[in-house]
Each structure stands twice: as structure tokens, then as C-alpha cells.
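Peer 1: Sequences and hints are given; from them, build the entire structure.
Residue numbers (our numbering), protein chains in the order written: chain A, 1 to 205; chain B, 1 to 592.
One should not assume that every hint holds.
[Claimed, not checked] Beyond 10 Å from chain A on every Cβ pair, some chain B residues (computed):
(1) Phe41
(2) Pro237
(3) Arg446
[Said to hold, decoys possible] Stretch-level coverage of chain A by chain B, calculated; a stretch enters the list once three of its residues show a Cβ under 8 Å from a Cβ in chain B:
(4) 45 to 54
(5) 58 to 68
Worth flagging that the hints you see were computed from the coordinates, not collected in a lab.
For glycine and all other residues, C-beta sits at the position ideal for the given N, C-alpha and C.
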Amino acid sequence: MSHADLTLEGYSAAIMPPAFSIPAKKMAMWLFIIADSATFAACLVAYGYLRVADAHWPRPFHSITNVAIMTVILVTSSLTMLFGIDAAKAGDKAKAVRWTMITAAGGILFALLHIREWLGLIDEGMRLFQNPWGSALFGASFFSITGLHLLHVTGGVIALIVVGIRYKGGRYNSDDLEITGLYWHFVDLVWMFVVPLVYLLNLSH
Amino acid sequence: MHDVPVHHHAPPTSFLRKHVFSLDHKVIGKQYYGLALIAVFVGMILSWLMRIHLGWTNLAIPGLQLLSKSGAPGGIITPEYYLQLMTMHATIMVFFVLTTAPFAAFGNYFLPIQVGAEDMPFPHFNMMSFWVTFIGFVVLMSSFFVGDGPTLGGWTQYAPLSAVGAVSGPGQGTGVVLWATAIAIFCIGQLLGSLNFITTTLDMRTRGMSMWRLPFSAWAWFITSIMGLTAFAVLMPACILLILDHVAGTSFFVPGNLVINGQIQPHSGGSTLLWQHLFWFFGHPEVYIAIVPGMGIVSHVLTPNLRRPLLSHRVMVYSMGALAVLSYMVYGHHMFVSGMNPVSSLVFSFPTLVITIPSTIVVLIWMGSLYGAKLRINSPSLFALGFISMFITGGISGFFLAQPSIDIMLHATYFVVGHFHLVMGVAAMFGIFAGTYFWFPKMFGRMMNETLGKIHFWLSFVGAYCIFMPFHYLGIAGNVRRYPAFTDDYLQPLIPLHRFITVAAVLTGIAQFIFLYNLVHSRFWGKPAPENPWEATSLEWSTPSSPPPFDNFGGKLPTVYHDPHQYGVEGASADYVMQTSPEQIKSGHDEA
Numbered sequence: 001m002s003h004a005d006l007t008l009e010g011y012s013a014a015i016m017p018p019a020f021s022i023p024a025k026k027m028a029m030w031l032f033i034i035a036d037s038a039t040f041a042a043c044l045v046a047y048g049y050l051r052v053a054d055a056h057w058p059r060p061f062h063s064i065t066n067v068a069i070m071t072v073i074l075v076t077s078s079l080t081m082l083f084g085i086d087a088a089k090a091g092d093k094a095k096a097v098r099w100t101m102i103t104a105a106g107g108i109l110f111a112l113l114h115i116r117e118w119l120g121l122i123d124e125g126m127r128l129f130q131n132p133w134g135s136a137l138f139g140a141s142f143f144s145i146t147g148l149h150l151l152h153v154t155g156g157v158i159a160l161i162v163v164g165i166r167y168k169g170g171r172y173n174s175d176d177l178e179i180t181g182l183y184w185h186f187v188d189l190v191w192m193f194v195v196p197l198v199y200l201l202n203l204s205h
Numbered sequence: 001m002h003d004v005p006v007h008h009h010a011p012p013t014s015f016l017r018k019h020v021f022s023l024d025h026k027v028i029g030k031q032y033y034g035l036a037l038i039a040v041f042v043g044m045i046l047s048w049l050m051r052i053h054l055g056w057t058n059l060a061i062p063g064l065q066l067l068s069k070s071g072a073p074g075g076i077i078t079p080e081y082y083l084q085l086m087t088m089h090a091t092i093m094v095f096f097v098l099t100t101a102p103f104a105a106f107g108n109y110f111l112p113i114q115v116g117a118e119d120m121p122f123p124h125f126n127m128m129s130f131w132v133t134f135i136g137f138v139v140l141m142s143s144f145f146v147g148d149g150p151t152l153g154g155w156t157q158y159a160p161l162s163a164v165g166a167v168s169g170p171g172q173g174t175g176v177v178l179w180a181t182a183i184a185i186f187c188i189g190q191l192l193g194s195l196n197f198i199t200t201t202l203d204m205r206t207r208g209m210s211m212w213r214l215p216f217s218a219w220a221w222f223i224t225s226i227m228g229l230t231a232f233a234v235l236m237p238a239c240i241l242l243i244l245d246h247v248a249g250t251s252f253f254v255p256g257n258l259v260i261n262g263q264i265q266p267h268s269g270g271s272t273l274l275w276q277h278l279f280w281f282f283g284h285p286e287v288y289i290a291i292v293p294g295m296g297i298v299s300h301v302l303t304p305n306l307r308r309p310l311l312s313h314r315v316m317v318y319s320m321g322a323l324a325v326l327s328y329m330v331y332g333h334h335m336f337v338s339g340m341n342p343v344s345s346l347v348f349s350f351p352t353l354v355i356t357i358p359s360t361i362v363v364l365i366w367m368g369s370l371y372g373a374k375l376r377i378n379s380p381s382l383f384a385l386g387f388i389s390m391f392i393t394g395g396i397s398g399f400f401l402a403q404p405s406i407d408i409m410l411h412a413t414y415f416v417v418g419h420f421h422l423v424m425g426v427a428a429m430f431g432i433f434a435g436t437y438f439w440f441p442k443m444f445g446r447m448m449n450e451t452l453g454k455i456h457f458w459l460s461f462v463g464a465y466c467i468f469m470p471f472h473y474l475g476i477a478g479n480v481r482r483y484p485a486f487t488d489d490y491l492q493p494l495i496p497l498h499r500f501i502t503v504a505a506v507l508t509g510i511a512q513f514i515f516l517y518n519l520v521h522s523r524f525w526g527k528p529a530p531e532n533p534w535e536a537t538s539l540e541w542s543t544p545s546s547p548p549p550f551d552n553f554g555g556k557l558p559t560v561y562h563d564p565h566q567y568g569v570e571g572a573s574a575d576y577v578m579q580t581s582p583e584q585i586k587s588g589h590d591e592a
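Peer 2: Given below as C-alpha cells:
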């Protein structure tokens with residue numbers, strides 16, 4: 001159309017590009033991540049507040065082996081997600097689906113290890129409302145924060161599998177895969193805050 | 001025509017998709033408005049019950065025992081039931097009226113049209129946003145009919161009494177759980193809405209619509225949705241932790257060795273202040289979520305009636321932005337007497353005084369623009385003036401409350417109640433009324449009755465001052481808020497003033513039925529609206545019909561050439577130039 005470059009004494013009527021050249025779906029994911037960060041921040045601040053206020057905060061963790069393995073798995077799954085998105089951008093559909101499913105498998109492995117750890121702690125007598133070591137709020141905050149994160153991991157695994165299958169079927173494109181990837185990296189990033197605050201600070205020494 | 005044809009979906013045909021689970025932002029906006037309308041009358045009737053009880057404490061209200069046998073035996077409200085009514089009044093008004101009407105209702109209807117879009121980018125999210133909010137309202141209302149009624153903890157639900165269960169009073173068990181569930185659900189709805197509003201503003205603008213060409217109302221909804229995104233995301237986990245304290249035996253908000261009603265509580269280790277921090281981190285932005293859309297609507301309504309632009313478009317927008325940023329830094333001023341470190345009080349007092357600067361700038365822009373203007377007097381412009389008046393009056397008492405040393409005396413008195421009712425309650429209501437009278441012709445294709453509108457304005461304006469100005473005197477006289485009766489104590493001499501307020505409240509409330517009648521009557525039998533009744537320039541007045549067709553612009557998207565303030569333009573063919581008009585103008589105020 002000719003009036004795309006029509007100007008009226010400096011009043012440009014040119015086509016407005018989106019403010020940040022970012023498609024609406026991707027922007028919505030970023031906005032969700034901002035909101036979700038606020039949610040996690042609220043939980044972590046609440047935990048810090050309670051922990052500082054309590055003189056008998058327990059430090060029940062003896063070893064970091066399990067959490068280290070979980071962390072390595074989650075970080076690696078972020079990497080495999082990147083491989084998947086790279087392959088999708090390059091047009092290699094089969095490879096992209098493969099890496100996406102490997103990422104989902106990493107998420108499942110993480111969740112299983114996490115549940116195993118939970119069961120171990122429950123076995124030692126730790127509950128939402130009590131534990132054998134000290135402040136009852138340790139269990140409450142631990143299970144709430146890691147539970148919220150585990151919920152995000154579970155949702156992420158389901159999203160990865162659904163988007164992966166639909167991408168394979170042609171219903172979704174590489175952008176959708178990338179947006180799912182954004183979410184997955186965010187879940188990974190949150191874990192990077194959870195590990196030092198919830199695990200490392202509560203190591204017995 | 002300079003409009004660009006666009007691909008659009010066929011309009012829905014089934015009844016469900018058309019009127020119930022509609023994906024059309026206009027229908028969703030009207031649904032939100034309907035919800036707010038129901039909520040505001042429920043909230044108003046609750047306030048009547050409270051006011052009657054405060055004025056004539058032993059008066060039986062016939063039929064009230066049907067609502068709650070234990071709460072109002074023989075129709076006389078018990079102290080506990082008074083607090084339950086008060087809590088529900090506040091929760092309904094803050095969440096389901098002041099947030100849904102100016103932000104979700106008008107924003108949904110007009111934001112996509114004002115940016116020149118067919119719809120929002122995520123219509124399914126939009127539909128879910130309304131229905132989730134609706135479920136939240138149903139859950140909240142259900143607490144009237146469950147167990148011993150709704151919670152009595154106030155809309156702030158201060159711990160520990162909100163977290164220990166039924167031992168702290170009627171409604172403190174199931175009532176609190178239902179309350180927290182309703183609010184958590186409401187948060188999800190508003191998050192979905194905010195997501196849509198922001199992406200609409202940034203991504204869906206039509207050709208030529210730069211950010212600075214957006215009208216004030218669109219800017220206000222955009223800024224509000226950014227606040228909504230992070231504020232509701234903090235309230236939601238806070239409510240979930242509160243629910244856990246009730247149902248899972250945790251004690252996030254309950255300290256150890258707490259004795260309530262002679263019983264030692266089986267909780268320990270929690271912090272009561274933690275709830276206040278989490279709540280007010282949401283709660284203060286929420287105040288601005290309620291008022292900033294009103295500021296945008298009032299500016300948008302005033303400009304066409306002034307027939308000239310406001311003093312500055314940009315400073316207005318920057319000020320609203322500054323309010324949004326600062327609103328996160330001032331929440332501690334709600335906690336001056338909570339036992340927080342006095343240094344924290346000082347730290348929170350400073351930004352609280354700073355936030356009066358953008359508020360004052362906004363007011364000065366309105367006043368300066370009104371100075372010497374030939375204002376067109378009609379229902380929308382009258383309510384816009386009413387908004388400004390209420391905002392100034394309520395704002396001035398804010399200066400006093402912002403200072404910890406004065407707040408220690410005034411805290412939890414009727415002075416505070418008067419302050420926030422004027423500055424965010426009544427002011428926001430006047431913004432809603434201004435928006436309703438202004439946009440009704442576009443939403444329904446008919447004009448509202450002007451005479452009834454003006455009667456409604458004067459009764460509401462005088463009525464609101466009769467109700468809320470005496471609150472300040474009551475507060476200075478030491479009348480504590482949330483007391484259900486003053487029959488036996490030092491506050492007894494104040495009862496005549498309470499009776500005056502009660503009469504004013506009942507009469508002002510009755511005046512609102514004039515509005516309801518006007519709304520319903522005009523919807524069906526009003527005068528057909530002309531294409532552009534206010535001779536306004538923004539895009540909603542460029543749609544091919546009123547109400548706009550399913551895709552807003554009839555298969556085309558408009559092209560925008562000017563900012564929305566081209567009033568009183570010299571040398572133009574009319575005294576105003578539409579945003580879509582390619583007319584060349586010599587001297588405008590176009591900043592884009």
C-alpha cells in the first residue's frame with residue numbers, strides 16, 4: 001500500500017513494528033515468567049524471614065550428593081533443550097523432537113530423584129507440621145518451596161511432551177518449542193536459587 | 001478509504017459462544033461490568049446493614065435472621081456478625097468492584113479498540129480470566145451460607161487470628177479458607193487478564209499507533225496491568241500459605257505459645273508480621289490498581305469536554321508510571337504501628353511522601369487544564385470533576401497519615417476509613433460512573449438519560465461528602481474503626497454523628513438506584529446514539545457502528561495519523577481531528 005510511507009508534515013503513518021519485535025506468544029511467556037518470579041520470590045522471602053527469626057532452625061542435610069546429582073541433571077536438561085531448539089531452527093525436525101524428549105526425560109529423572117529424597121525425609125519423620133530436628137517450619141517451608149518447584153517441573157515435562165508431539169505432527173513450529181524452552185530454563189533458574197537457600201544453608205556441619 | 005483489510009474469523013453463532021463462554025473482548029468486558037454491578041449492590045447493602053447497626057445498635061432489621069440465625073438473632077446484628085459483614089463489604093468492593101469495573105471491564109472492552117486491534121492476542125485466556133474471577137466471586141459469596149458464616153478478620157486478614165481456625169471466632173475456620181481460596185482464584189483471573197492487556201498494548205497496535213498516540217485510558221490500563229502482573233502473583237502464594245496453616249497444620253503465620261480464648265494454640269515458630277509484609281506488598285499496589293484506571297478514564301473523558309488537550313500528555317503518563325513504581329516501595333506505611341522496627345517506618349515514610357509528588361502533578365495537570373476552559377457540562381464530565389474533587393480531598397488526609405508520628409494517633413481510627421474511602425473508594429466509583437456515562441453510547445448504541453445522570457451526580461457527590469467528611473472528625477475524636485457499637489463507652493457522644501452518616505449513606509445508596517434504572521432503561525429504550533456523541537477523536541469513535549461489529553472495525557484495521565488530543569485545531573475542517581483522519585493540520589499538539 002502506498003500510504004505505508006505516507007508522511008504528513010512529520011506525522012508518520014508507517015507500519016508500527018511491535019515494540020520489541022517480539023511475538024505476542026513469546027512475550028506472554030516472558031510476562032508469565034516475571035509473575036512467576038514474583039511468586040517464587042514471595043515464597044523464598046517468607047522462608048528467609050522465618051528462618052532468620054527462629055533460633056532453632058534445623059540443619060538436617062548431611063550430604064550434597066543427591067541435590068548435586070539433581071542439579072546436574074536439571075542443568076544438563078537445559079542444555080539438551082538448547083540443542084533441540086537449535087535443531088528446530090535449522091529445520092531438523094527429527095533431531096529437535098529427539099532432544100526435546102531427552103529434555104523431558106531429564107525432567108522426569110529429576111522429579112523421581114526429588115520424590116525419592118522427599119520419601120527419605122518423610123521416613124526420617126519430617127512432616128509439613130513437625131520434624132525431629134527443631135523448628136516445625138523447616139518442613140513446612142521445605143515442602144512448600146520444593147513442592148512448588150516440583151509442580152513447575154511436572155508441568156514443564158507435560159508441556160515438553162505435548163509440544164514435542166504436536167511439533168512433530170506439524171501443529172506447532174520451532175517458535176512454540178522455543179517458548180516452551182524459555183519456561184524450562186526458568187524452572188532451571190529457580191532451582192539455582194532454591195539449592196543454595198534451602199539446601200546449602202541447611203547443611204549440618 | 002485508507003484502511004487495511006484484514007483476515008478475520010467469522011462471528012460466533014451458538015448461544016454459548018456468543019453470550020456465555022464468549023471469546024469476544026467486548027462481551028467479556030460487559031460480563032465483567034455485570035459482575036461488578038452485582039457485586040457493588042451487594043457491597044452497598046452490606047454497608048447499609050453496618051451503618052444502621054452503628055447508628056441504632058439495638059434496632060432489629062427484619063428478615064436478617066434468615067441470612068444468619070446465629071449472626072443476627074431476631075434481626076439484631078451481633079458484634080461478630082458486624083465484623084463479618086464488614087469483611088465481606090471490603091473484600092467485595094476492593095476485589096470485585098474497584099479492580100474489575102475500571103480495569104477489567106472497561107479495559108477489556110476498550111483497550112483493543114483504542115489500540116486499533118480486532119481482539120486481544122489470547123481470547124481463550126481472556127474468557128478464562130472472566131470465568132475464573134466469577135468462580136472466585138461465587139466461592140466468596142458461598143461463605144455466607146457455610147458453617148457460621150464468612151470470616152470476620154477484615155479484608156486484610158491479619159494473622160494470627162486469621163490462621164488459627166474457629167477458636168478465634170465465627171467464620172474463622174471455613175470462612176477464612178473460603179476467603180483465601182476465592183482470593184487466590186481471583187489472582188489467577190487477574191494474572192491472565194494482565195497478560196492479555198500488556199501483550200495487546202505492545203503487540204496489537206495498528207498502523208501509525210505509536211505508544212505516545214495511545215489515549216490516557218489505554219496508558220492507564222497498560223500501567224495497571226503491569227502492576228497487576230506482579231502484585232497478584234505475590235498475594236496468591238500468601239493465600240496458599242494461609243490455607244496451609246488451616247488445612248495442613250503448618251504455622252507460617254502463628255507464633256509459639258499463643259493463647260486465644262483461653263486455649264494455647266498448637267502452633268509455633270511462625271511470624272504474624274510475615275503475613276502483613278506479604279499482604280501489603282500486594283495491598284498497596286492494589287490501591288493504585290484501583291485508582292490509576294480511574295485517572296486514565298477521567299483524563300480521557302475530560303479532554304473531549306474541554307475541547308483542548310490536557311496541559312501535558314507525557315507528564316501525565318510519566319506520573320502514572322511513577323505511581324506504579326513507587327506503589328511497591330511504600331507498603332510499609334500500613335505497618336507503622338505493627339511492631340516493625342521504627343527505622344523501617346522512617347524508610348517507608350519517605351517514599352510515601354514522595355508518592356504525593358506524582359499524585360499532585362496529576363491533579364495539577366487536571367486543574368491547570370480546567371483553568372479558563374469552557375467545559376461542556378454533561379454527566380461524564382461532572383463525574384470526572386467529582387473524581388478530581390474526591391481524589392484531592394482524600395489525598396490531603398494522606399499527607400497526615402504518611403508521617404509515622406501522626407499516624408500513631410490516627411491509625412485504625414475513622415480518619416483512615418474516611419481517607420481511603422474518599423481517595424480510592426468513592427474516587428474510583430466516580431471514575432467508573434464517568435466511564436459508564438461516556439462509553440455507554442458506544443457499548444449499547446443508545447444514550448443514557450442526561451437529566452437522570454445529573455441528578456445521580458449531585459446526589460452522589462453531596463451524599464459522598466456527607467458520609468465521609470464526618471469520618472475525619474470521628475477519627476480525630478478517637479473513634480476506633482471496626483468497633484461494632486459505641487453504646488457503653490466514651491464514644492457515646494459521637495452516636496448522633498454516626499446517625500447522620502447512616503441517614504446520608506442510606507439516601508446516597510438509594511440514589512444509586514437512579515443510576516441502575518437509567519442503565520437498564522437506556523439499554524432498551526434510550527435515545528439512539530449518534531456516531532460520535534462527544535465529538536471525541538480516539539479510535540473507539542471510528543468503529544463503523546455502535547456497538548462495534550464482532551471484529552471492531554468491520555473487516556479492516558484503521559490507520560492512525562494523529563495523537564488523540566487534536567481538539568481546537570486551527571485551520572482544520574472541524575474543531576477536532578479524528579485519529580484516523582488523514583487530514584493535514586498545521587499546528588497541532590501532536591507529539592508523536
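Peer 1: All hints are to be evaluated individually against the structure, with a verdict given for each.
Peer 2: Verification of the hints:
no., hint, result
1, Phe41, "32 Å, holds"
2, Pro237, "5 Å, violated"
3, Arg446, "34 Å, holds"
4, 45 to 54, "holds (count 6)"
5, 58 to 68, "violated (count 0)"
Against the hints set out earlier in the document, violations occur for numbers 2 and 5.
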